[in-house]
Amino acid sequence: MRLITHNMLKCHVKNCSDPDKQFPLRFKGTAGAEEVKLEQIEAERNDEFLVRMLPRLEWGALAITAGELNIPLPDKVPSDPAADDGFLQALHTAILEMHVLEGTMFCNGCGHEYKITKGIPNMLLGEHEI
Amino acid sequence: MKREPVPDTAALDPAAKEAQFVHRVYAEIAQHFSETRHSGWPFVDGFLQRQAAGSVGLDIGCGNGKYLGANRAVHMIGVDYSRELVAICAERGFDCAVGDGLRLPVRAGAFDFAICIAVVHHYASEDRRVRALREALRAVRPGGALLVYAWAQEQQGRRRFDAATQDHLVPWETRAGAVHQRYYHLFRKGELERLLAQAGGCRVAESGYERDNWYVVATKTALP
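As they're listed, the protein sequences go chains A and B. Okay, so the first sequence: first residue is 1 according to the working numbering, each after it adds one. Okay, so the second sequence: first residue is 1 according to the working numbering, each after it adds one.
Each statement offered as a hint is correct.
Calculated cross-link-like contacts (lysine to aspartate or glutamate; reagent style EDC-like; alpha-carbon spacing at most 20 Å):
#, chain 1, residue 1, chain 2, residue 2
1, A, K118, B, E91
2, A, K76, A, D47
3, A, K14, B, D127
These aren't lab readings, by the way, just hints derived from the structure by calculation.
Between the sequences and the hints, there should be enough to build the whole structure, so can you do that?
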């Protein structure tokens with residue numbers, strides 16, 4: 001799972017106890033700790049795509065997640081991102097090259113856990129949670 | 001080939017019916033099913049090609065991911081209930097998650113468009129079919145489009161169905177000759193439009209018939 005996907009995911013338990021805290025899903029442990037296994041897979045950078053993605057990302061959430069996983073990313077989007085090579089490279093690495101292979105996400109509201117196995121997040125709920 | 005009698009599903013509630021005659025079957029047949037799903041349907045491909053470059057799309061019930069890479073200028077995420085099919089998507093390098101179409105694990109309005117191809121006919125009650133459409137619309141931003149396909153009761157191709165009922169078990173035969181029954185609710189002309197109206201918050205932009213399926217493009221008009 002890449003962070004471009006994680007940034008779209010949200011806890012969806014019926015009657016989640018705290019809807020304001022359903023997003024972003026947090027990670028148990030951080031990179032380096034055993035709970036989260038990360039891998040960087042190089043990908044070709046496409047600046048036009050990155051700039052177009054910016055309005056679709058929730059930046060505050062992405063910054064929190066990157067911080068948890070020790071992936072370098074600025075707290076704020078620069079005023080002219082298209083012209084900021086360092087920023088584009090950091091964004092490219094954070095959302096398109098870093099893969100979470102194993103780990104557990106949890107909802108900051110209700111505490112529900114979602115496991116990531118072989119890079120695939122399992123977001124299924126029990127029938128009583130739907 | 002050995003023919004098992006078609007099981008009686010009348011006693012099962014909708015969730016149990018889907019568990020046994022949809023989810024369990026796709027878990028069994030995932031690999032074989034995937035090998036038979038290569039080329040996209042022309043209208044779906046055309047819909048994906050006309051999405052703006054840099055837009056973000058959700059494929060609900062993405063199966064083996066045959067539409068996830070159809071347009072390289074957009075970013076697609078696939079969700080499917082079958083972990084076996086999602087594993088195939090992941091092997092192919094697509095962004096995907098295991099999830100339930102009745103309760104999509106995504107933030108509201110995060111996607112510029114969504115597709116839901118040959119999925120809603122697997123829900124075993126009208127209430128669940130409407131809920132699935134409402135969830136799909138929730139994922140799309142206002143002004144964004146949702147493309148839905150569902151198998152048609154009126155199809156005149158390889159398979160013919162008893163017109164007296166819309167609820168059918170359709171056999172899937174494995175190479176070894178075993179038969180798995182899949183549950184389908186076959187859609188009548190105009191039914192997708194009616195259910196989308198019930199789901200609310202959208203208007204029908206386009207509708208038609210392709211490859212034994214009814215389809216509708218709905219434009220999201222409001223936040224839920």
